[in-house]
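J.: Make the full structure from the sequences, and use the hints.
Taken in order, these protein sequences are the chains called A and B. Note that the first sequence covers residues 1 to 343 in UniProt numbering. Note that the second sequence covers residues 1 to 343 in UniProt numbering.
Hint data in this document are derived by calculation from the structure and do not stem from the laboratory. Given the structure is predicted, the values throughout are model-derived calculations rather than measurements. Treat the hints with caution; some may be incorrect.
One copy or any two copies: either way a pair holds, since identical chains are not told apart in the list.
Unchecked claim - Subject to a maximum C-alpha distance of 25 Å in a straight line, what follows is the list of computed SDA-like cross-link-like pairs (lysine to any residue):
1. K314 to A300
2. K37 to D225
3. K15 to R277
4. K239 to T261
5. K37 to P188
6. K12 to R23
7. K12 to E136
2 protein chains.
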Amino acid sequence: MARTPTIREVAKLAKVSIGTVSRVINEAADVTPHIRKAVESAIEELGYVPNAAAKSMRMGRSRTVGCILREINIAQLGGFVSTAQNAFMEAGYALMIANSEGRRPREIELLRSFSSGQVDGVLMGPYTPIEGEFEEILRELPVPLVMIDRDQPLWCDAVYTDHEGGTHQATSHLLRLGHRRIAILTGPPQLHPGGARVRGFLRAHADMGIEAAPELIVAESFLRDHGYRATSSLLGLSKPPTAIIAGGIDMLSGVLRAIRTRGLTIPDDISVVGSGRNDLSDLHQPPIGVVSWDQNEVGATAASLLLDLITHGKREEPRRVIIPTSFNPQGSCMPPRQAESRD
Amino acid sequence: MARTPTIREVAKLAKVSIGTVSRVINEAADVTPHIRKAVESAIEELGYVPNAAAKSMRMGRSRTVGCILREINIAQLGGFVSTAQNAFMEAGYALMIANSEGRRPREIELLRSFSSGQVDGVLMGPYTPIEGEFEEILRELPVPLVMIDRDQPLWCDAVYTDHEGGTHQATSHLLRLGHRRIAILTGPPQLHPGGARVRGFLRAHADMGIEAAPELIVAESFLRDHGYRATSSLLGLSKPPTAIIAGGIDMLSGVLRAIRTRGLTIPDDISVVGSGRNDLSDLHQPPIGVVSWDQNEVGATAASLLLDLITHGKREEPRRVIIPTSFNPQGSCMPPRQAESRD
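T.: Below is the structure:
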């Protein structure tokens, strides 16, 4: 490219306004596919580089933000990633994502890799409790940090989901249907999603003066394999649960596999609640009831908090944004069959 | 941290050999959970930084590789990402992933962002045809490049999947069952997975001397929405297909939704084949037959090609590795009901 083409030339070639070119570049929703195509063809033909990228190259900064997640290949994270990425791109930042697989050495290695000048800010949802040496590493990060779905540490900006409220709703619904042996499978209580879900579960029982069965609370891991193993062993109890709440965004498949392996039918033999809508919960017959929330809102909020920190520096008071949840029981929740489950 | 702890101190504290600490750091499979936990505790207690990361910090290089995919939140990419990441981490590189959403301006912006010194190599599966200006940008990348599931351009190292062979198998199976109106939905023919699937589909017909119905070949997009829309309109034809091949790794859900909306049952009313096993294909009743391949092998191969290029520089002859596919019809493929479908 001998000469850098301008946005004006792109607009002229595509026969649209400069504002329209900008909306296409910023991937605004209000552009018709026809117009988008015309503008993208013009951009391609001229070899036009959108301003933000050009600017970042001139500035010589990384113009990149990093995001560390346990596992990125979870369909439900699609809304989070795409919304956050759009917000960052609009502001001229690329979003790079890395898998921690929930291993602390890897989390630390990725943080060090990011903080050696490769990113301007970090989004993270650590999988191991944030304390001691690990908390120190986070505190000493040379770039701003926003926690994703973690309510700790308190000194950090965070966006997290009201899993407590959603699990309270789901548990209350099951209790009202007559279930008295409800199991909840989720991650360790030290991590927000696990702790919050167990609190909502216990509070729903307490609100109705019903005692929760401690052996049915399995707060160990968010993984689908945990869903499979825990469900298998719970179904083998002499008094098995009549309902299961899968408290992890990719745990449902493990729970469903274990139920199927045992030859049980949903909801006749057992009621099931998942965490977050996905293809599996929607296309199961019957559709699985879920505690859900807006992953796009999580992504938009996280991006906006981090961009603000990058642009304006640290605030005196960290900000905490809580994303609401709702519960839709679908067809997977019915009164328990056995009379003995009411006691 | 006043002083940098050594691997020897970690081994001493965890009461294991140095080799075992190294195996834990490199996440070898042959470490028991008990030992792993002991070593990780020791690493944490001492604040030990594994060698590779320490080395990269001394060297002042990025020790990072970038990967650009259309959409990363596809469950089936989990094996690819985790295997590639393990291989890179073992070699001392962090893997950063970015979503292109299949948009060329974004692909270009990410490539520029990566190549401004932020990564030592790039894995990519472009979603737009590799030609003209775009091919030039790829050619002039200052770091090595390996193509993921693309057979173009020929000057580049690539690892791609034998979608042609798998689709040939699936199509042949459906033809042998008596289907004569088989639809295939996949991406544009200029991109390897789309073009390869259509070739396999046509070759299976040709092998049996049967003419494929051109109106049933919809090679436009890999997206699930395309699966939904194309299936809906195909099912509205006066002679609808009796079998559908969903030729995209996240297209199956769209196809299943459209079939369900129309009130049809699999396999009684229509046979269905998906691309790649996932929770949805496994847990559907009946399980959906799929063309599948080893995503771990794709990840391991891609990482090994790129690490070799980073370490030893460009080879004279680009290397092309083809990953085999297989077809398992499961319970979703049956002979067509209507007699008129045989002609």
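J.: May I ask which of the numbered hints given earlier this structure violates, with the numbers listed in increasing order?
T.: Checked against the structure, the only hint that fails is number 3, while the rest are satisfied.
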